[in-house]
Amino acid sequence: MSAPAPSRGPVENIDAVLRVERQDGEKLVFHHRVFHAIGSFAGTPQFVVLQCGAVVCWIAFGGVFPDLALDPFPFPLLATILALEAVLLTSCVLIRQNASDRILEKRDRLELQINLLSERKATRSLRILQKVAKRLNVDDEDCQQDELAQETSVDQIARGLREREEAEKAQ
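Residue numbers (our numbering): 1 to 171.
Simulated pairs of lysine to aspartate or glutamate, EDC-like, Cα-Cα distance not exceeding 16 Å:
1. K106 x E21
2. K121 x E151
3. K106 x D24
Across the chosen pairs, the derived CB separations fall in these ranges:
4. R164 x L18: 33 to 41 Å
5. K27 x L126: 41 to 49 Å
6. T44 x L18: 19 to 27 Å
7. V29 x F65: 38 to 46 Å
8. R124 x H31: 45 to 53 Å
9. L82 x R159: 46 to 54 Å
10. L117 x Q46: 39 to 47 Å
11. Q113 x H31: 31 to 39 Å
Hint data in this document are derived by calculation from the structure and do not stem from the laboratory. Glycine included, every Cβ here is placed at the ideal spot set by N, Cα and C.
Could you put the whole structure together from the sequences, leaning on the hints where they help?
Printed below as a string of structure tokens:
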């Protein structure tokens with residue numbers, strides 16, 4: 001009989017998940033990294049301050065030096081640049097959001113696997129406890145065979161959830 005694998009502490013498990021996510025991030029091609037960086041920066045107060053400062057400077061320069069202004073009032077070039085920037089920033093943020101969604105889906109699958117393994121271990125522990133109670137002649141109604149000691153059917157649970165969702169939609 002082989003020895004059980006050494007258990008890992010919570011910190012080691014978290015480090016393992018973060019390591020896998022970091023490796024996934026390193027696999028991203030260069031332009032996706034650029035889009036992620038832009039998407040991250042666009043959602044900060046520093047970006048808002050920088051953006052407002054640039055627009056104020058553009059307008060102030062056009063107002064103070066109207067003869068030198070590249071873009072006189074009503075600033076059509078500024079409006080075009082800001083509209084293009086809005087489209088590009090929106091795209092960068094959506095690309096970053098899609099990547100975040102994929103990471104969350106992976107975490108959800110990992111969490112589901114861990115929950116299923118935990119449920120299986122708990123079921124096994126209950127069965128062992130029931131056998132011990134039976135062998136020790138412990139007479140208690142809680143020690144009888146119950147549904148907690150039975151294997152959980154994931155298919156049955158999924159079908160039940162789907163039926164409830166469909167019933168809620170129908171109402």
